[in-house]
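Protein chains in written order, with this note's numbering: chain A, 1 to 195; chain B, 1 to 420; chain C, 1 to 997; chain D, 1 to 98.
Hints in this document: simulated from the structure, not taken from any laboratory.
Treat each hint with caution, since some may be false.
[Unchecked claim] Below are the DSS-like pairs computed for lysine-lysine, each with C-alpha atoms no more than 30 Å apart in a straight line: (1) B:K31 / B:K66; (2) C:K398 / C:K348; (3) C:K348 / C:K370; (4) C:K516 / B:K16; (5) B:K411 / B:K155; (6) C:K440 / B:K27; (7) B:K99 / C:K138; (8) B:K270 / C:K52; (9) C:K52 / C:K516; (10) C:K163 / B:K151; (11) C:K576 / B:K31; (12) B:K66 / C:K440; (13) B:K22 / C:K118; (14) A:K181 / C:K269; (15) C:K882 / C:K957; (16) C:K518 / B:K19; (17) C:K274 / C:K163; (18) C:K138 / B:K22.
[As the list claims (entries may be wrong)] Non-contacting residues of chain D with respect to chain B, defined by C-beta distances greater than 12 Å in every case (computed): (19) P6; (20) H74; (21) S78; (22) F81.
Since this is a predicted model, take the numbers as computed values, not measurements.
Note that the Cβ used here is the ideal one computed from N, Cα and C, for glycine as well.
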Amino acid sequence: MVERQSPLEPEFHVGSHGNFEHGVEIILTETRPGSIVQLAAWPGEEKKLIAAIRTVAGLALPDGAGGGLSDGVKSVFGFAPGKFTVADEVEGLAAAFAKVVTPIIGTVTDLSHGRTAIRIAGPKAEWVLAKFFAIDFALPAFPIGAGRSTTHHDVFAQIQRTGADQFDIYVFRSFARSFWKALCHASEEVGYEVQ
Amino acid sequence: MMAEYSAFSLLANALKGNKDWKPAWRKPDPKASYDVIIIGGGGHGLATAYYLAKEHGITNVAVLEKGWLGSGNVGRNTTAVRSNYLLPANTRFYEHSMKLWENLSHELNYNVMFSQRGCLNLAHTPAQFDDYARRGNAMRHLGVDAELMTKAEIKRLIPALDISDSARFPVVGGLMQRRAGTARHDAVAWGYARGADRRGVDIIENCEVTGFLRDGDRISGVTTSRGDIRAKKVAVAVAGSTGRVMQLAGIDTMPIESHVLQAFVTESLKPFIDTVVTFGMGHFYMSQSDKGGLIYGGDIDGYNSYAQRGNLPVVDEVMSEMLALFPGLARVRMLRSWGGVCDMSMDGSPIITTGPLPGMYLNCGWCYGGFKATPASGWCFAWTIAKDQPHDLNAPFTLDRFHRGLVIDDKGQGANPRLH
Amino acid sequence: MSPRRTDTGGRIDRLKTIRFTFDGAAYTGHAGDTLASALLAKGVTLYGRSFKYHRPRGLLTAGVEEPNALVTVLKGEVREPNIPATMVEIHDGLVAISQNRFPSLAWDINAVNQLGGKILSAGFYYKTFMGPVFGPLKGTRFWMFCEHFIRRAAGLGSAGSAKDPARYERMNAFCDVLVVGSGPAGLMAARAAADQGARVMLADLEPRFGGSANWSDETIDGAPAADWARRTVAQLEGRDNVRLLPRTTVWGYYDNNTLAALERVSDHKEQPGKGEPRHRYWAIRAKSVVLATGAFERPLVFPGNDRPGVMLAHAAERYANEFGVLPGERIALFTNNDSAYRAAIALKKAGAAVVAIADIRPELSPEMRKLAAEAEAEIFAGHAVVATEGGKALSGLKLQRFDMTNGALIGDARSIHADCLLMSGGWSPTIHLASQAGAKAEWNAARQAFLPPKPTQSWIGAGAFTGSFSTLEALAEGRAAGLAAAGGQSTPAVLPVVEAVPGDPDPAPVFEIRAKGKSFVDFQHDVTAEDVRLAHREGFVSVEHLKRYTTLGMATDQGKSSNVPGLAIMAEALGKPIPEVGTTRFRPPFAPVSIGSLAAERFGDLRPERLTPMHDWHLANGATMYSAGLWYRPMIYGHAGETVEQAYVREAKATRDSAGIVDVSTLGKIAVQGPDAAAFLDRVYTNMFSTLAVGKARYGLMLREDGLAFDDGTTWRLGEQDFLMTTTTANAGKVMQHLEYFLDVIWPELKVHVTSVTDEWAGAAIGGPKARQILAACVTGTAVDNATLPFMGIVRGEIAGVPVMICRLSFSGEMAFEVYCGAGHGTHVWEALVEAGKPFGLVTYGLEALGTMRIEKGHVTGAEIDGRTTARDLHLDWMLSKKKPFIGSAMMDREGLIASDRLELVGLIALDNKPLNGGAHIVEEVDEANPHGSIGHITACCYSPALGKHIALALVKAGKARQGTRAHVSDPLRNRFGPVEIVSNHFYDPEGTRMHG
Amino acid sequence: MLITCPYCGPRDVIEFTYQGDGNRERPDPASQNFEAWNAYVYDRLNPAGDHNEIWQHSGGCRTHLRVVRNTLTHEISSVAFAHGGHGSAARRKAEDKS
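Isolated chain A, as found in the complex (with noise of 0.2 Å):
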């Protein structure tokens, strides 16, 4: 198997940075996810879907727009009206739930490539996530699993929230780059390690 590519290669830098002499209130990583998968229901036929996600993920997806969960090795959330974003840490997710999405039921998009999955965890995740996306990422608001669309200029994001203090963001590989440096430049203030 040939090992991909993180866009973010030349900008990774493993380490601590920024303010951390006073403490690390981040830590910013790629989960590079094997597979990332969109699902997307015809109208009517979402339940359909949700069951699909539950058989070939094993996960149950809570009801309610931008719902979500993630076990930690799969993860899953709505992100627009009968469309999911699934991921996984194996390759081959896509092809898995082509057997089972038929075209009745709705289509398959593998964007496994196509989209670069970043953590930010730490006790000032919320805050530096608030510099860039104008949703509200307190935890009554933005509930753990839950998923969002957001956008912070350019850069179009999907964000779940995996933990308590903890959120997997989903940037077109692309922008990744860009996308990652803001990040880090965003999280010196308070200290952040790469890992």
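Dock chains B, C and D against the given chain A, drawing on the hints supplied.
Same frame as chain A, but now just chains B, C and D:
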């Protein structure tokens, strides 16, 4: 008859404690009827009245303004005057305007402070430079001044500009129109008002048009907050409110959307930039007023609005583009922002025409280019009203050009007003 | 005698000494001082020069509304002009200089303007400088000559051109209740809302929370008000549902309760922390807002009211109580209301002599008389100040009996010796944010002030903002507002006990004392009462005309203290009540905001960079990058010593001779999936796609609704219901939105999903006579011969262990293939292709060579599909299906779009064998002196290595019919004129034998 | 300005793209009624007051929304998915004629 303004009259009046100055224009009550009523006491309406009187001898004219004179876009713009258009219909028209600007202070005996400090469009890629060359050459082929500038020449002209190669969008050159410049916006309204008034035009403020009078199919006057006024001809020059006024005439749809455009000024600074400059990789333009404030703006907010107020996304975008060109301005402060309502037409070009109803004449669709057009707009509209047909210069700016596929689309954006 | 530091008192830290300079002189102050208070403590009386007359000016205020004392703060090469000294917190190493003076603040040449006095009245510019009607100075020249000097005299501070090294940041915040202002009302509101469990933000533009509590002599619950404020703040600090924002000016109230605020994070520090911004721009979406923004005191308008040493009464009170500074030793007061008596007490307590209180009102309450007695001040009821004396500091003033019913001055003036005159003309609630929020203020005749309107957005007012000027009212209203804003029920509660000096909140309705001499209304812009009356005389009577004609209220303080007096004087001239003159609508910002803060994180980084998967490879292999929208693409891979032209000619030639490879990853790619995908594409494209076989690609053209050409590209049918659409790089986003709009709004019944997969795929186009051999050498799992992979065919295989999709299509006109693989494998596959190509002489080529080959082939791009051309203009009418309607089909045949004189695509060959220029025009006859008669323009040009000629594509009027004729390029901008032959746009291999080959 | 997307909740206007007058009705694709086509492409209702508009939540879920917004105050009184059916709050005159 009001006195001529001059250095001498200033001195003479100063010696008398400035007690003898007279109102710049009369405040008459409306008469029962006029030959021509112009709805809209903005720059275009006032200029139209002035040229009707001066060029066509039609002086039994009333200009009706719903609020205070010049309260629309003539007093809310960023004061740039230029004729650097791509398409011939626009270039010819705006160049006619430029020629009128060049003698306007004399003509009106009112210093409108038209200052030909130049307008420079910055290009940031070789392809854009070629695009600007196309436009500059189009201008030159119509006898309008234009020149290309190199990076080094630009740096000499605007030392504060970032021309480094490390800029996100490095400057590769620019298109300069030296005869372009700025004018004092309010003075244009006041100068035309005074000029029209001196020729007998009635300028009636606080007179809101509430409906149209009809004689059969023909528009024969207006109802207003100050009573009914009859007229042989009713001209509409209310850019920004065109939708509202045309609705009063029963015309619900127009090839126009009203959008809000924000503008900004910084605190006063010592001379910083001597010319009008525009950014090529976004939408940003800036000049410096005689008082020292940097006056600048960018895109429209991008949604229908009559509110004369915008929102933050455009504010942030404009300031970001400003600093991309002038990184030294980060610590300078924005003093004031405001919003004007623009008639965004479907091709980015204006409408100056007879009709669309009998007895009516329409001047609208100025997008955000109306200020520089003021003299030519008034001049052509007066012609159209007086002769019941357009002048060659405004003949292309019809209302039916959209349906006929004869659009004048300088930006090539199609029927998408928010992109013009 | 002069101002000085008091022996005790103030909320400064007298143990901490801070060193700074002003105009080069070294000073010391204390922690907690502003530049204004520290300089005042050192006896400085002269702070700035006014805008027009360059009059010497002292401190008028102690806060954000300061019009006079503007300074430039220097940080190395970086300048921050026009900052009120009252808003600069001193720190060690602070360097500030005065402005608008030459050569020095004390001796300013432009002070000569004062002699111009009456000539330089309001609006004088409009009446002169027109110049002669003929001769060398006609037209605009004379004005521009004069303007040159006017501009140099105008302006305040200077901006720098050095890039500010500071960092600016934006922060998005959400809260239930935003409280603006932290005086007693704001603190009570914040506490009450926080007690309800609401998410609360409390912002104050001052470094210290507490507002008037910091400088009033009042007590709250038995302790000094400042202590009460400190305790309340401490309680709020401990709560995790409260965010406190000191040094934060809420400056904008936008739609749907979106507020903008500026936090000055590190201006008060010698050095910011690592990564710490200078300013933080808060965009706050608040469910509800409590406006507790207080009120501004107004000056009185009388001759000499601008002399250094004349100050607002509450400002002096503040300097004394908050900063421990006395603005003078012998202080006189001039007032039309009770509030100034507090200042008398405060200054007396702080150690000054209060020599006189001139009160416009003939009748004074016993309470005021008692206060005056306490201050040991002589009272002059029914008197007014009619003159002040002194140069750069006040030495005395003149009083005269005044009849407030008719404004008459009676009897002889008497002189009073004083070094400081305090004035109070009543108070104007700080209603700016409420006005920005969209409603019109209401005049209150009793308060002689504009009070906040009924809310049009979700806000609640409290305290002086509402016209309730007492602290007790502020506490009660603040609590009620906080509760209501948090959605709590108003319950009876015991409010803190306030001990305060009494006072009637209503002033006498007098704003101006008319006597001989210049009386200033707008201090910074030098607008006098006479200027306002001149505006009236000339008919500039509406409030907006007044503003614009005189520039009243347009200075950096935005008329915070001058608007109401100006209106009052106009109203009197008109004989109308004030509200009939009009109210000014306040617009953002409440106070000036740094442009850096508004650009925030985009300062120095305007747009993100968009990079292809092979970006780093290109850089490592000598590519010169070209910025195309947000993308970066290789322009050339230059060799040492090559010019751009030499490089692209070499690359294009090598491609046509053997093979070349180019990164095409930037092409827009859209997955079009679903049972109705084919039917949808038939509607979107002008040609048919439902007939396309699986495993084949087709070139498609889209029109806009108005019938003009929109975009082109190939679309690949990967499965029965699965298409991969490609778009031009520039239009990818637009096409995506176009498709989404039609699917979502117009044809929701179609079962089609569109997804941007631009970034999923890396794309490399490899073309040239050897291209197939190179592929054959590295592709496994499929053959690439003509049978397996015919023109427009698609196969799947592997390259270097990576799955790839290969489509045989050509932009260069050569036998060519587009190789797509997962973006993460892009460089891997690219390197494998380059390696496989080595034996075949494969070159990498950039945009320039790509452009050259496309010009040779006559393919169109954005330069020709420019939003004004039709399919026919571009000779693409063969693609307009007659079998079906498509987007634009109904509109494409309108008269203007089929006119005979439209610009049509042609080719040009330079007959003088010299380079052509993009943007050059085409004429039938050259006229170098007077260029005219343009019939079109060049859209793209190059030297064609295949033809050995300089060629171009052009759009020319009725161009098709001109093929085979001669014309000329006319490029006066670059002085390039010369003959060309008009030919077909298909210069090279028009039959396409090479790509089909 | 905030628009409450039925899926994403209240979001800043920066996330949205304006798609104009929502009263326009596209003629049948095969229609040869040029007046109707012209009206659809070029003519707009432009009221001072409540306006039916189409917005795309382009920086979010990318659905199109039918929004009723007051052009004098920017107040939004309703938001719904655009594909939920065409609004009929303000019928245009051109349609009535055709």
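A quick look at each hint next to the structure:
no.	hint	in the structure
1	B:K31 / B:K66	holds (16 Å)
2	C:K398 / C:K348	holds (22 Å)
3	C:K348 / C:K370	holds (14 Å)
4	C:K516 / B:K16	holds (15 Å)
5	B:K411 / B:K155	holds (28 Å)
6	C:K440 / B:K27	holds (26 Å)
7	B:K99 / C:K138	holds (13 Å)
8	B:K270 / C:K52	holds (13 Å)
9	C:K52 / C:K516	holds (20 Å)
10	C:K163 / B:K151	holds (19 Å)
11	C:K576 / B:K31	holds (25 Å)
12	B:K66 / C:K440	holds (18 Å)
13	B:K22 / C:K118	holds (16 Å)
14	A:K181 / C:K269	holds (27 Å)
15	C:K882 / C:K957	holds (26 Å)
16	C:K518 / B:K19	holds (15 Å)
17	C:K274 / C:K163	holds (19 Å)
18	C:K138 / B:K22	holds (27 Å)
19	P6	holds (19 Å)
20	H74	violated (6 Å)
21	S78	holds (16 Å)
22	F81	holds (19 Å)
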